[in-house]
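Under the working numbering, the first residue of the first sequence is numbered 981, with each subsequent residue one higher.
To be clear, the hints were calculated from the coordinates, so they are not data collected in a lab. Among the clues, some could well be false.
Unchecked claim - For each label pair, taking beta carbons as the anchor points, the in silico distance ranges come out as: (1) GLU1534 <-> TRP1116: 33 to 43 Å; (2) ARG1610 <-> GLU1676: 15 to 25 Å; (3) ASP1747 <-> ALA1624: 50 to 60 Å; (4) GLU1680 <-> THR1071: 54 to 64 Å.
Values in this document were obtained by computation on a predicted structure and should not be read as measured data. Beta carbons are placed, not taken as given, at the ideal position from N, Cα and C, and that holds for glycine.
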Amino acid sequence: MSYDFAAIEAKWQDRWEGQRVFNVTEDPAREKFYNVQMYPYPSGDLHMGHLRNYTYVDLLTRYKRMRGYNVLSPMGWDSFGLPAENAAIQTGIHPRVFTETQIMRMKQQLRRLGAVYDWDRELASHTPEFYRWDQWLFLKLFERGLAYKQLAPVNWCPHDQTVLANEQVVDGLCERCDTPVVKRDLEQWFFRITEYTDRLLEDLSMLDHWPDRVRVMQENWIGRSEGALFSLAVEGSGSSFEVFTTRPDTVFGMTFAVLAPEHPLVDELVAGAENEEEARQYIARARVTSELDRLAEGEKSGVFTGRYAINPVDGRRVPIFIADYVLLTYGTGAIMAVPGQDQRDWDFAKRYGLEIIRTVAPPEGFEGEAYLGDGPAINSSFLDGLAVAEAKQKIIAWFEEQGTGRRSIQYRLRDWLISRQRYWGCPIPIIICPVDGMVPVPEDQLPVIHPDVADYAPEGQSPLAAVPEFVEVSCPKCGGPARRETDTMDTFVDSSWYYLRYCDAHNDSEIFDPDKVKYWMPVDQYVGGVEHAVLHLLYARFITKVLHDMGMVEVEEPFHRLFTQGMLVKDGAKMSKSKGNVVAPDPYYERYGADAIRLFELFIGPPTDDATWNDNGVEGTFRFLDRVWRMGTGQIGSIEEREAGEADREILRVAHRTLRKVTDDIERFHFNTAVAALMSFGNELQDYLRNGAERETFTEAYRLMLLMLAPMAPHISHELWESTGRGSMLAEEAWPDWDPELVAQQTVTLVVQVNGKVRDRLEVSPDIGQEEAEKLALASPKVASWVSRGIKRVISRPPSLVNIVSE
RNA sequence: GCGGGCGUAGCCGAAUUGGCACAGGCGCCAGACUUAGGAUCUGGUGGGUUCGCCCAAUGUGGGUUCGAGUCCCACCGCCCGCACCA
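Produce the entire structure from the sequences given, and follow the hints as far as they go.
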């Protein structure tokens, strides 16, 4: 019979919660540790993949607490968003009802795992208590000119009937429903994140406890490129347009220029052109084609405007085209085309029979098309002979001298589009007055609360627009009739500051008390999926910097250490409801209990790597726990009491070496090897018991086992701690220190190699000297037969290795 | 195309610094205990062996080194991110 995990789990879950063991307050006398998992969307049932992450965070909470830290580990809910709204559209159930039911279920599931939090600080973004401060934050950004409304071509999902941020368009498809995204011109709210581009980029270097790949992804997302900006005059008109290039050195190779179809100058350019009709059709088509379809066409398409531009460096005239391979949203929406040095321009030139001039000499034998590498400039007048980098400097200097161009840095990062035409999000606190324009809702009228609506389906605007009592208001400034903004905010606004609210979760007079935030921030350990590398993690950094500039937050970066966990894979795919390959924990809870599940989640592989689910794995960790249980119950009293001998001292040495290893492994997030070390220790402890243990020694070794197990398998270890006669709560015990004397090796294995191959192993003293080690090695009879042809050299690394180099 | 990462046993994996390759688990085989075993315990699990050991082996090929899973070069394969970004 195995141990009664079900009863034990319920008992300790009640105690942790009932005795408020993990509820904390600010305590300047103690070092704090702020441990946060990215707050989840309350999506219902947790599967084994989710449990992996919750187990990591819970382990840290419990471990750091034992290390003496004042550990804050809160939990909350990213509870606005589409799933609840879509359910409402289908079933008519209010999204709030749906959401709150899901939250209750998720809480039960976290409790069942034995995951502990300071539930006093629970928050949920769909509650007016929380989103009131979203609105307050919006108004602060608005005051500072960091929130603005603008007509802009935006990503529109025809299925969800809403706009999407650039970050939510994946391969030209809506991130949520995979519908091809189209461009539309709409009045939308933006946050001016581009104001912070430089700081977001530069401060990445402060984040040296973030995974490199996340920093690289943010860097690429911000997408800084250096180059030059200069003007092209349109022949026979007063107009001109600016182009941006990273290769100003190739300007003598420009053989045409291209404008994006949405470029403001195109109307004027095509007016009266010979092929005006064709051009207008092309422009119209390009504007309604989704990015995906544009790319899918493969061949670049475009249309000649009938106009010519003048190359400022040599006065040559080049034809101006309109083509959709040039994007309005990057640079100036117009380019100089140098087919000799740019593959896209090459492709276009080939298709439309345009001239190609090489301006960088390709190496001999070069057989490619456009040449992008370095080399001496050719066909480039005063740049001829210069390498690319030199030529760039010279031509930029020339532009600046002439006053026709200048050095410029462009970024890929765009302002953050936060408007959503949906119901289940935070209403934007703005009133649109025909007289006063965009008028903020006065702070004392916050929160702007959702009215209930009859129909949740969006029809191009938020369902809120159909509620006259909500929409029709008087202007706070002039008192005249006005309309309320009906867009709601992107849910990423909520998640960009919730971790600050945990510090003071129920403050109803301000967003948070800056002193409390000062105590807890930054988040010491942030845990979440790498899929948030450029979305949430960039926005959160931005908002933190804004609040810092407002004097509300001392830190400039919110997350000191970031850990991105791997995913759980089954049948070759990430475990997810939509793929239908989830493993539900329930049968495992029933058969093996929460601790065995936790231990297996830790053991399954390196935490940063994806791991493949193995149906038999939990059985393995359960066997280990069951062994620990059997060792601790009933037997200890019958172990003989006697003087401790060498074998007894040895098991204590094993215990302390295990303690050192487990401590190290937890500190560096190698949880899988920490579990392996405990299993190994368990095996040794069992051997010790079988071969005649001494009671006091065993009790001590077993005590260390329970302490080490406490953060990983808390229920069983708490129960055993109590049942082996200890009155304290294990969670409140201190993590033990290993004894350096016990950890020190009595003897070490000296490996004797001949030509790098192991030929003998000798047990020697750890402080053996070089001479002594070499003498012993050379004296080894096993070595003798391998060195008969003479010894050339001896390399010693005492006490672990001697390598004899022989003929 | 650009950027990042990975390749070790039948499977998942270990190996902080260049120094004993494969800890721990799963699976499999055998044995013990047993009325029974899907419990538990013990041993084995690359090849050879005279049972002392010996040999091979970390995707492939090369290099540096007394010594390479680890460093360097090239290639093969897989994964992730970005992508007409001028």
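(request) Just pull the numbers of the violated hints for me, sorted ascending. (result) Result: hints 1, 3 break, sorted rising.
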